[in-house]
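With the hints as extra help, turn the sequences into a complete structure.
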Amino acid sequence: MAQMIDFFMKPFFIFSVSVMILGLLRLFIKTIIEIRRVIKTAGDKDFKYTKIFMATLSWIIPGKNTVNTAVVYSIVSFVFHIGLILVPVFLMEHIIIWKGAFGFGWPALGKQAADVLTVITILSGIILLGYRLFSKQRRKLSSVHDYLFLILILVIFISGYFLPKTYSPFNVQVNMLIHIVCGNLILIILPFTRLAHCILYPLLRLASAVAWHFPPNAGKELNKLLYGEENKKI
Amino acid sequence: MDKKRKYPYFIENPLEHDRVRRFLDIFSAILETSNYRYILDLYSRVTMKCSRCASECQIYQATNDPKDIPCHRTSILLKIYKRHFTLGGWLKAKFTGGSGLTEKDIDEMLESYWNCTGCGRCVLYCPLGIDHRIILRLGRYILSEMGIVPKNLLVSTREQLQGETHNSSKVPLKALQNTVEFLEEEIEEIKGVKVKYPIDVYDAEYIFFTPVSDYLVEPDTLMGIACVLHEANISWTIGGTNCDGVNYGLFYSDSILGDVNRSLISELRRLRAKKILIGECGHAYRAIKDFLPTYNDGEKIEVVSIMELTLQLIEEGKIQLDKNVIKEKITYHDPCNIVRQNRGIEEPRKIIRSFINDFVELKSHGQYGLCCGGGGGTVAVDETNPYRMNVAGKMKAEEIKASGADIIITPCANCKKQIGELIQFNKLPMRHAGLHDLIFEAIIMKDGKKHGTDD
Numbered sequence: 001m002a003q004m005i006d007f008f009m010k011p012f013f014i015f016s017v018s019v020m021i022l023g024l025l026r027l028f029i030k031t032i033i034e035i036r037r038v039i040k041t042a043g044d045k046d047f048k049y050t051k052i053f054m055a056t057l058s059w060i061i062p063g064k065n066t067v068n069t070a071v072v073y074s075i076v077s078f079v080f081h082i083g084l085i086l087v088p089v090f091l092m093e094h095i096i097i098w099k100g101a102f103g104f105g106w107p108a109l110g111k112q113a114a115d116v117l118t119v120i121t122i123l124s125g126i127i128l129l130g131y132r133l134f135s136k137q138r139r140k141l142s143s144v145h146d147y148l149f150l151i152l153i154l155v156i157f158i159s160g161y162f163l164p165k166t167y168s169p170f171n172v173q174v175n176m177l178i179h180i181v182c183g184n185l186i187l188i189i190l191p192f193t194r195l196a197h198c199i200l201y202p203l204l205r206l207a208s209a210v211a212w213h214f215p216p217n218a219g220k221e222l223n224k225l226l227y228g229e230e231n232k233k234i
Numbered sequence: 235m236d237k238k239r240k241y242p243y244f245i246e247n248p249l250e251h252d253r254v255r256r257f258l259d260i261f262s263a264i265l266e267t268s269n270y271r272y273i274l275d276l277y278s279r280v281t282m283k284c285s286r287c288a289s290e291c292q293i294y295q296a297t298n299d300p301k302d303i304p305c306h307r308t309s310i311l312l313k314i315y316k317r318h319f320t321l322g323g324w325l326k327a328k329f330t331g332g333s334g335l336t337e338k339d340i341d342e343m344l345e346s347y348w349n350c351t352g353c354g355r356c357v358l359y360c361p362l363g364i365d366h367r368i369i370l371r372l373g374r375y376i377l378s379e380m381g382i383v384p385k386n387l388l389v390s391t392r393e394q395l396q397g398e399t400h401n402s403s404k405v406p407l408k409a410l411q412n413t414v415e416f417l418e419e420e421i422e423e424i425k426g427v428k429v430k431y432p433i434d435v436y437d438a439e440y441i442f443f444t445p446v447s448d449y450l451v452e453p454d455t456l457m458g459i460a461c462v463l464h465e466a467n468i469s470w471t472i473g474g475t476n477c478d479g480v481n482y483g484l485f486y487s488d489s490i491l492g493d494v495n496r497s498l499i500s501e502l503r504r505l506r507a508k509k510i511l512i513g514e515c516g517h518a519y520r521a522i523k524d525f526l527p528t529y530n531d532g533e534k535i536e537v538v539s540i541m542e543l544t545l546q547l548i549e550e551g552k553i554q555l556d557k558n559v560i561k562e563k564i565t566y567h568d569p570c571n572i573v574r575q576n577r578g579i580e581e582p583r584k585i586i587r588s589f590i591n592d593f594v595e596l597k598s599h600g601q602y603g604l605c606c607g608g609g610g611g612t613v614a615v616d617e618t619n620p621y622r623m624n625v626a627g628k629m630k631a632e633e634i635k636a637s638g639a640d641i642i643i644t645p646c647a648n649c650k651k652q653i654g655e656l657i658q659f660n661k662l663p664m665r666h667a668g669l670h671d672l673i674f675e676a677i678i679m680k681d682g683k684k685h686g687t688d689d
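Chains A and B, in that order, give the protein sequences. Going by the numbering used here, the letters in the first sequence line up with residues 1 to 234, in that order. Going by the numbering used here, the letters in the second sequence line up with residues 235 to 689, in that order.
The set of hints was computed from the structure by calculation and includes no laboratory data. C-beta: ideal position from N, C-alpha, C; glycine also. A portion of the hints provided could be inaccurate.
[To be verified] Some chain B residues well away from chain A (every beta-carbon gap over 12 Å; in silico):
(1) Asp-275
(2) Arg-367
(3) Leu-395
(4) Thr-399
(5) Lys-680
[Unchecked claim] Taking lysine-lysine pairs in the DSS-like style, the calculated list, with each CA pair at most 27 Å apart, reads:
(6) B:Lys-523 x A:Lys-45
(7) A:Lys-140 x B:Lys-313
(8) A:Lys-64 x B:Lys-584
(9) A:Lys-40 x B:Lys-316
(10) A:Lys-140 x B:Lys-326
(11) B:Lys-584 x B:Lys-680
(12) A:Lys-30 x B:Lys-313
Structure representation (structure tokens):
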């Protein structure tokens, strides 16, 4: 068991992080290239970049947008995302593992702050899972993946929370194995699933705005392809 | 042989067989000739379907049917795209035996995509910024190329682009001339001033486009606009070959959107006008303002809405409005196609406050205002009236009623029709009007009669 844990904490961790970083980077760069290509072919190349940037920013910073509808759900979701970003990245133990694997680290969160954030993330994750399970509208829209992602995140956070605790209800080594296997798993799947919104978010509003800027001859090209002439009979 | 299908709206020559194959062929052709692939790729990669949009979608709020949640609508097309046009979808189907597009999916889309008014309110509430409108429009585009498009829209567009009259209401030039002559006489009788509706005047400052239906059913709006332009001595003209601002392509077709815009540009060039002036119409404004540059080889043409111009003229002191004419309680409905882009919100309010004493806002207004329930071209589809009254416009009717206003102003031909029908259907004790209808009542013409005098 100890050997397995070592394996998942070092060589496999390096692999998982590499897959995640390269995968996310590929997605980010690919999206930028696509946006540039679409702008090049668009008939109208005039964009209000500042407005789009401000709209993107307004959803990251808590404010009017966070609570303009579905207030409880929105606040819970916001808090969940904060914990989801801060705890994995700034937890002391994670930074130590990172340093062991890659040779450098960064300042960590205080232990108590990390504990509080972990508990908040777990609670908000459970509430979000409850929303998916018990709200008719969300249940109808949710796929198996939506539940699995949330459950996977909850397993990681719950197992992580009990790791250093003396009153852990689980076997410490099993707990550790579950935590690091699931942790590695989520790093690997990030670029290949909808969780990729973590890296694509900053580009989404720009991409949406650009999508409305059509190539001037798209309609005529379609007519030519489908009906053999640019101006089809309506 | 399939039994004849029932469609929720009238369509010409419905395709009865091989719809799945035809849908996929057209989808593939659109992906090849346009830029939709990248946004479909991106959305299908990130959409979390949190359904936050459901809380603010007036269709879903009225039906409580998860099928009406915007992210569900979007997911229908995204699922088809992923399954049939991505390697991942192909592999998944290979290994798990996914069924792919079915007749049932097509039936769901042709109903769902025309049940939604495409108002875009959901976009404002999506944390990820997914623009459901563009997916809705793409879905309609594919269906329309299969021949599945409401007949009213198709027939109007055919007349506008390929008919003799070049307008969506089939109004011949002679009838248009007669109508404006009648309006000129009306203005002279009411205001005591000879006001001209210039047709085919060369080198004017503005060429005026408004839905041609305004000439038939909104005379007061047009009289108000003519008085404003006359009083401020604005040089303008109506195109004799093309005067119609309607562009249903905005709602369902890139091909039509481009062709209508090109026809407007050619009319502007024919008459050597400098700027475009749009009448009271939300979708005409958006179709021209936002999409004209796409079809004009990058050359910029200034596009101004009549509300922007009227406000400018009021602020410059070129027109005067009598504050004592309109005594009723007034409210204002924001057309989605104007305000969703966070524009055109202050101009009408400044105009209203300049001559109306009793103004009350609707509960939802400005950029976040509710749709009238007839947006996205649906108001032109007469057979959907029961749906527009009982579902799409239900929340709007409740909101209008709660305002307690005597008159609801809306500067949009589509919204006017829908709100007029809502008022009638719900027996609300009020009437609707265009902004320039009230301006027509209140405008002080320098050489005209004073308000309330008969001489």
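Consistency of the hints with the structure:
no.	hint	in the structure
1	Asp-275	8 Å, violated
2	Arg-367	9 Å, violated
3	Leu-395	6 Å, violated
4	Thr-399	14 Å, holds
5	Lys-680	40 Å, holds
6	B:Lys-523 x A:Lys-45	14 Å, holds
7	A:Lys-140 x B:Lys-313	15 Å, holds
8	A:Lys-64 x B:Lys-584	25 Å, holds
9	A:Lys-40 x B:Lys-316	25 Å, holds
10	A:Lys-140 x B:Lys-326	22 Å, holds
11	B:Lys-584 x B:Lys-680	22 Å, holds
12	A:Lys-30 x B:Lys-313	21 Å, holds
Checked against the numbered hints above, the structure violates hints 1, 2, 3; every other hint is satisfied.
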